[in-house]
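Peer 1: One letter stands for each residue in the lines below.
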Amino acid sequence: MRLDVLQLWQHAWPSLTLLIAAMVSLLTSVFPSRHRARITAVLAATAFLLSAQGFFHQWGLGEAKGFEFLVVDPLSNYLGALIALIGFITSIAAYPYILSQAEAIPEFFSLLLFAAFGMTTMVMTTNLLAFVLGLEIMSLSLYVLVGLRRYDPRSGEAAFKYFLLGSVATAFLLFGISFFYGSTGTLDLSRIPELLPNPEMATLFKLGALLILLGFAFKVGAVPFHFWAPDVYDGAPMPVTGFMATGVKVAAFGALIRVVEAFAPRHELPLQRWIVMLSFATMIVGNLVALRQRHLKRILAYSSIAHAGYLLLGMATLVGTGEIRAAALSPILFYLLVYSLLTLGVFSVLTILSSGGQELNDLKDLDGLSEKRPVLSAVLSVFFISLAGVPPTAGFLAKYYLFSQAIQVGLYPLAIAGILASAVSLYYYLGPIVRMYFHSHEKTWQAPGVMASLRLLLALMVAGVFYLGLFPASTLEISRRTVPIRALEAPLASPSAKLP
Amino acid sequence: MPHFPILTLITFSPLIGILIIPFIPKAKESLVKWVALISTLPALGLAVKLFLDFDRTTKAIQMAEGPIDWIKPFHIQYYMGIDGLSVTMVILTALISTICIIASWGIEKQVKGYFTLFLLLETGMMGTFLALDFFLFFIFWEIMLLPMYFLIGIWGGPRREYAAIKFFLYTLAGSVLMLLVLIAFYLYSDGHTFNLIALQDPKLHLGPLSSHGIRLACWIGLFIAFAIKVPVFPFHTWLPDAHVEAPTAISVILAGILLKLGTYGILRFNYQLFPDITVELVKWVAVLGVINIIYGALCAMAQKDFKKLIAYSSVSHMGFVLLGIASLTAEGITGGVMQMFNHGTITAQLFLIVGIIYDRAHHRDINGFGGLATAMPKYAVWTTIAFFAALGLPGLSGFISEALIFLGSFKNWPGLTAVAVTSVVLTAAYMLWTLQRVFLGPLNEKYKDYPDINGREVLCLLPLAIIVLAMGVYPKPLINMMSVSLKGINEVLVPYGAKVASVLGM
Amino acid sequence: MEVDFHHYLPLIFVLLLGLGFAGSFLLLSYTFGPKKPTASKLDVYECGVPPTGDARERFSVKFFLVAMIFLLFDVEVVFLFPWAVLLKEFKAAGTGFFAFGAMAVFLLILGLGLLYEWRRGALDWES
Numbered sequence: 001m002r003l004d005v006l007q008l009w010q011h012a013w014p015s016l017t018l019l020i021a022a023m024v025s026l027l028t029s030v031f032p033s034r035h036r037a038r039i040t041a042v043l044a045a046t047a048f049l050l051s052a053q054g055f056f057h058q059w060g061l062g063e064a065k066g067f068e069f070l071v072v073d074p075l076s077n078y079l080g081a082l083i084a085l086i087g088f089i090t091s092i093a094a095y096p097y098i099l100s101q102a103e104a105i106p107e108f109f110s111l112l113l114f115a116a117f118g119m120t121t122m123v124m125t126t127n128l129l130a131f132v133l134g135l136e137i138m139s140l141s142l143y144v145l146v147g148l149r150r151y152d153p154r155s156g157e158a159a160f161k162y163f164l165l166g167s168v169a170t171a172f173l174l175f176g177i178s179f180f181y182g183s184t185g186t187l188d189l190s191r192i193p194e195l196l197p198n199p200e201m202a203t204l205f206k207l208g209a210l211l212i213l214l215g216f217a218f219k220v221g222a223v224p225f226h227f228w229a230p231d232v233y234d235g236a237p238m239p240v241t242g243f244m245a246t247g248v249k250v251a252a253f254g255a256l257i258r259v260v261e262a263f264a265p266r267h268e269l270p271l272q273r274w275i276v277m278l279s280f281a282t283m284i285v286g287n288l289v290a291l292r293q294r295h296l297k298r299i300l301a302y303s304s305i306a307h308a309g310y311l312l313l314g315m316a317t318l319v320g321t322g323e324i325r326a327a328a329l330s331p332i333l334f335y336l337l338v339y340s341l342l343t344l345g346v347f348s349v350l351t352i353l354s355s356g357g358q359e360l361n362d363l364k365d366l367d368g369l370s371e372k373r374p375v376l377s378a379v380l381s382v383f384f385i386s387l388a389g390v391p392p393t394a395g396f397l398a399k400y401y402l403f404s405q406a407i408q409v410g411l412y413p414l415a416i417a418g419i420l421a422s423a424v425s426l427y428y429y430l431g432p433i434v435r436m437y438f439h440s441h442e443k444t445w446q447a448p449g450v451m452a453s454l455r456l457l458l459a460l461m462v463a464g465v466f467y468l469g470l471f472p473a474s475t476l477e478i479s480r481r482t483v484p485i486r487a488l489e490a491p492l493a494s495p496s497a498k499l500p
Numbered sequence: 001m002p003h004f005p006i007l008t009l010i011t012f013s014p015l016i017g018i019l020i021i022p023f024i025p026k027a028k029e030s031l032v033k034w035v036a037l038i039s040t041l042p043a044l045g046l047a048v049k050l051f052l053d054f055d056r057t058t059k060a061i062q063m064a065e066g067p068i069d070w071i072k073p074f075h076i077q078y079y080m081g082i083d084g085l086s087v088t089m090v091i092l093t094a095l096i097s098t099i100c101i102i103a104s105w106g107i108e109k110q111v112k113g114y115f116t117l118f119l120l121l122e123t124g125m126m127g128t129f130l131a132l133d134f135f136l137f138f139i140f141w142e143i144m145l146l147p148m149y150f151l152i153g154i155w156g157g158p159r160r161e162y163a164a165i166k167f168f169l170y171t172l173a174g175s176v177l178m179l180l181v182l183i184a185f186y187l188y189s190d191g192h193t194f195n196l197i198a199l200q201d202p203k204l205h206l207g208p209l210s211s212h213g214i215r216l217a218c219w220i221g222l223f224i225a226f227a228i229k230v231p232v233f234p235f236h237t238w239l240p241d242a243h244v245e246a247p248t249a250i251s252v253i254l255a256g257i258l259l260k261l262g263t264y265g266i267l268r269f270n271y272q273l274f275p276d277i278t279v280e281l282v283k284w285v286a287v288l289g290v291i292n293i294i295y296g297a298l299c300a301m302a303q304k305d306f307k308k309l310i311a312y313s314s315v316s317h318m319g320f321v322l323l324g325i326a327s328l329t330a331e332g333i334t335g336g337v338m339q340m341f342n343h344g345t346i347t348a349q350l351f352l353i354v355g356i357i358y359d360r361a362h363h364r365d366i367n368g369f370g371g372l373a374t375a376m377p378k379y380a381v382w383t384t385i386a387f388f389a390a391l392g393l394p395g396l397s398g399f400i401s402e403a404l405i406f407l408g409s410f411k412n413w414p415g416l417t418a419v420a421v422t423s424v425v426l427t428a429a430y431m432l433w434t435l436q437r438v439f440l441g442p443l444n445e446k447y448k449d450y451p452d453i454n455g456r457e458v459l460c461l462l463p464l465a466i467i468v469l470a471m472g473v474y475p476k477p478l479i480n481m482m483s484v485s486l487k488g489i490n491e492v493l494v495p496y497g498a499k500v501a502s503v504l505g506m
Numbered sequence: 001m002e003v004d005f006h007h008y009l010p011l012i013f014v015l016l017l018g019l020g021f022a023g024s025f026l027l028l029s030y031t032f033g034p035k036k037p038t039a040s041k042l043d044v045y046e047c048g049v050p051p052t053g054d055a056r057e058r059f060s061v062k063f064f065l066v067a068m069i070f071l072l073f074d075v076e077v078v079f080l081f082p083w084a085v086l087l088k089e090f091k092a093a094g095t096g097f098f099a100f101g102a103m104a105v106f107l108l109i110l111g112l113g114l115l116y117e118w119r120r121g122a123l124d125w126e127s
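Protein sequence lines, in the order shown, are assigned to chains A, B and C.
Numbered continuously in the working numbering, the first sequence closes out at residue 500.
Numbered continuously in the working numbering, the second sequence closes out at residue 506.
Numbered continuously in the working numbering, the third sequence closes out at residue 127.
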């Protein structure tokens with residue numbers, strides 16, 4: 001279907017809201033005001049909330065439409081809503097932190113909105129070029145966000161590393177896309193089923209698919225493409241780390257779902273074997289290396305790598321056949337939701353604790369926190385325990401769902417490796433808890449009190465952890481009804497296009 | 001027909017305290033303690049009601065609540081029920097929990113946190129005994145884990161961090177195995193059910209779950225999960241550490257209730273879900289039981305630390321339970337479950353007694369005491385009652401269950417039983433020797449002015465001592481309550497080649 | 001596939017002409033020019049900057065800023081040219097207003113960007 005401006009707005013307004021808010025919040029610097037930080041923060045939070053509401057509303061309509069570059073289907077709306085909520089929580093949690101920085105940086109919120117816009121673009125398309133566009137909008141904003149604490153050399157180092165390695169990842173992706181385009185004559189993934197096999201191009205096509213997969217593996221931090229993550233997480237400002245650990249994962253996995261969905265029917269691709277290998281390495285390395293970490297953010301970086309491994313396990317399940325594939329998408333979506341909730345929860349608390357002007361760093365910094373900040377410690381513990389997958393919290397149910405589906409399709413070794421790896425993970429998630437509760441405190445806590453809105457938000461998030469763990473039925477139903485668009489009207493159909 | 005939801009109330013009534021305690025000002029510590037105590041009372045009252053209302057003539061599940069759909073997409077149900085196997089454990093849990101709150105009156109550090117976690121622990125324990133849905137059971141099982149971890153880790157002794165993490169990792173390893181079996185049941189049971197009663201029907205086990213190899217693997221997985229909790233040699237090493245570091249009340253809970261969850265699980269899961277494999281492997285359970293008995297007793301004898309001694313005596317006594325349930329006779333299994341109850345009451349006393357002297361002396365070195373009977377005569381009497389019960393003196397409850405166990409197991413495992421009986425001597429040896437070293441001999445001058453046991457401490461010990469005496473003289477109410485159900489468990493094993501034996505015609 | 005190389009002849013001719021022109025000048029100055037070599041004359045020509053030195057030279061960040069802004073607005077012009085050329089065709093096809101509007105939005109965004117840069121002081125050399 002051809003796309004005109006009105007339709008674009010009608011279907012993509014939740015995403016475009018973010019873009020407009022991003023530009024408007026940049027313009028607040030044109031009219032300098034003492035309240036600038038507050039204005040931009042409120043603007044960003046409102047835009048995120050509006051956008052999330054819009055995505056959710058569209059999800060409720062249950063439509064699946066494809067335009068030239070744009071896909072609006074339940075999958076895109078689900079992930080879009082998730083991204084917008086991640087942005088919302090980040091913008092609220094980050095506000096006191098941003099104020100505490102040596103120079104208040106109002107551009108933070110604008111960049112956050114730009115990055116979220118890029119993320120939503122990534123999940124709202126099946127066109128590879130649009131993926132790259134979204135990816136770059138997201139990445140460029142994140143490079144700057146990572147380097148936000150520019151007086152801190154570690155922040156600068158992290159930004160630079162992220163920039164270099166992120167560029168390499170994009171190069172991989174573009175390289176793969178060019179192979180794909182060369183071998184098929186299309187950039188649209190949804191066109192794959194109509195393309196006829198073309199044995200001459202088989203190798204090129206395979207190479208293209210592999211490189212595209214690796215490009216995304218880079219972004220989600222899958223082993224062995226994970227080396228950037230610990231350094232970048234460590235150096236980035238706390239709220240940005242949280243935003244990266246969740247938003248980027250959701251967007252990259254959303255895009256990966258589209259890629260995997262498209263390539264899965266092509267049986268000449270050893271797609272499952274590739275993903276199984278990635279997943280296996282990611283779960284094992286992520287969890288084992290995390291055991292040896294002493295820095296809070298590095299632990300969380302490896303934790304996010306490990307969780308990417310679990311999600312890849314879900315992806316491997318997805319590359320099944322027939323009805324199992326439809327059932328295999330829902331655990332991934334549910335897991336993404338739960339993972340984002342928990343990781344954001346951890347980072348929100350850590351952001352509060354870092355709002356005193358000094359970044360939380362070493363595990364030692366948490367010593368005896370339970371005596372000074374009992375509520376925050378309890379909240380943080382809930383999130384950590386749930387991340388480890390202890391019932392009756394959401395983290396357990398999400399993992400249970402993911403692993404039981406994997407066993408159902410016969411991925412026994414992978415699922416058992418995952419379960420064992422996640423049992424190991426409990427050890428490093430307990431590390432911070434041990435510090436908070438079992439060690440006596442040495443540090444004087446300078447972190448300010450918590451804003452009422454943030455308190456409410458944290459309370460809701462903790463409630464969510466237990467709600468999703470104890471009464472997940474309705475949320476599971478949402479994730480089950482979230483299916484990607486299957487058949488697209490071919491917008492740029494060129495009859496000569498062939499698939500190997 | 002909806003009836004009074006007694007089991008739900010008994011499980012979740014401690015949570016009332018959890019809702020109130022956070023809002024009590026930090027300074028009002030005694031108010032926190034009172035609220036905690038009061039919120040364990042409904043469960044205790046309902047346990048008494050259970051004791052009175054329990055139908056002793058049926059082996060079926062009683063007072064069932066559910067099954068109602070809880071997490072429908074996964075076929076997880078809320079299903080609570082009670083039978084002769086769990087009813088004694090529930091009563092024990094209610095009683096020990098209340099006693100432990102009283103025993104925890106001396107807690108000074110982070111009072112609110114302690115009692116909140118304690119009440120959560122009680123809910124977890126109750127739920128574990130009452131859940132009849134595998135998934136629900138697993139959730140309650142895990143709910144117990146974290147409060148225990150924190151209770152040892154925050155309020156424990158000097159090496160608490162090590163002990164807490166060790167406890168946690170051991171139990172977690174078991175949980176992982178249980179989780180795998182749980183997933184297997186979900187995927188390969190007819191109708192994807194977790195309903196433990198329905199799953200007892202072997203016709204529901206489909207696909208891989210009906211193959212011998214997988215069933216064997218599942219049985220072993222479940223057994224290890226529960227064996228860690230019992231703890232069965234060689235999975236027992238967490239226990240002495242956890243006991244020594246845990247505060248008194250938590251040691252009591254640990255020995256009095258948590259260990260029973262292991263043997264309860266073996267009876268509820270291994271025996272009833274995989275009766276075929278149980279008959280096949282039961283010999284090894286008996287062997288492990290005997291190893292536990294002898295090894296535990298020998299280790300206990302070698303201890304210098306009072307608390308460690310009690311901990312190892314627990315290992316030894318839980319071996320009796322294993323031997324009893326492995327006997328595959330009605331008497332043996334009844335004796336085993338009765339031993340679970342009796343050990344709960346006796347070992348609770350023992351740990352309370354250790355706690356009492358530790359509160360005064362701040363050490364637990366057995367050889368460092370001496371002649372305490374002169375300074376604390378009343379304390380000596382209470383200790384003697386508990387010790388004699390533990391070593392199986394006729395007239396006290398320990399004797400009844402041990403006698404039943406030996407009676408039952410001799411039928412099928414005469415050789416093993418003969419070895420196990422020697423432990424009676426060993427137990428008597430370390431118990432009496434300890435009594436002698438602590439209470440007799442010349443009084444150590446340091447302890448001359450120690451106050452004797454006080455009213456609060458008596459309040460903790462008295463109900464337990466009454467039960468120990470009563471059950472030793474007239475154990476019939478207890479036996480009646482469980483024998484029908486346990487006989488039912490044993491009968492299920494018959495088609496798979498078990499000899500059903502009944503020495504006393506039970 | 002048959003390629004008609006005749007089309008490329010003028011290109012080759014221009015190339016040869018350029019090469020010959022430059023080459024002949026070099027040759028002429030080499031043979032007839034006076035030679036009084038000094039150290040600075042023998043140095044490699046590098047826009048007046050000494051050609052050797054530490055590679056890790058620090059530039060003022062202002063240079064980068066100017067370069068980036070220049071790049072942005074340069075690319076903008078690249079978009080403007082084809083738009084300007086094709087505008088009549090858009091008008092003929094009846095989508096002239098759309099094409100105009102699209103470019104107007106594009107320029108508006110760029111203009112806002114310029115405003116932002118200006119107000120944030122990116123255009124001030126001295127600050």
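Keep in mind the hints are simulated off the structure, nothing from the lab.
Take these hints with a grain of salt, some might be off.
What the hints assert, rightly or not - Once the Cα atoms are required to be at most 30 Å apart in a straight line, the calculated DSS-like pairs of lysine-lysine come out as:
1. Lys26/B to Lys364/A
2. Lys109/B to Lys166/B
3. Lys59/B to Lys372/A
Claimed, not checked - Taking CB as the label site, the calculated pair distances span:
4. Pro25/B to Leu456/A: 21 to 29 Å
5. Gly111/C to Glu63/A: 34 to 42 Å
6. Phe471/A to Pro158/B: 52 to 60 Å
7. Leu291/A to Phe12/B: 32 to 40 Å
8. Gly191/B to Phe471/A: 18 to 26 Å
Please read all numbers here as calculations on a predicted model, not as lab measurements.
Virtual Cβ for every residue (Gly too), placed ideally from N, Cα, C.
Peer 1: Would you mind marking each hint as holding or not holding in the structure?
Peer 2: Going down the list of hints, with the structure as the test:
Distance check on the hinted pair: Lys26/B and Lys364/A sit about 26 Å apart at the alpha-carbon level, within 30 Å; holds. For the given pair, Lys109/B sits about 23 Å from Lys166/B by alpha-carbon distance, which is consistent with the 30 Å threshold. Taking the CA atoms of Lys59/B and Lys372/A, the gap is about 53 Å. The hint is violated against a cut of 30 Å. The hint said 21 to 29 Å for the Cβ distance between Pro25/B and Leu456/A, and at roughly 23 Å that hint holds.
Taking 34 to 42 Å as the suggested C-beta distance range, the pair Gly111/C and Glu63/A conforms, at roughly 36 Å. Against the hinted window of 52 to 60 Å, the Cβ-Cβ separation of Phe471/A and Pro158/B comes to about 42 Å, which falls outside the hint. The hinted window of 32 to 40 Å between Leu291/A and Phe12/B holds, with their beta carbons roughly 37 Å apart. Range check, Gly191/B to Phe471/A: Cβ separation about 22 Å, and the 18 to 26 Å hint holds.
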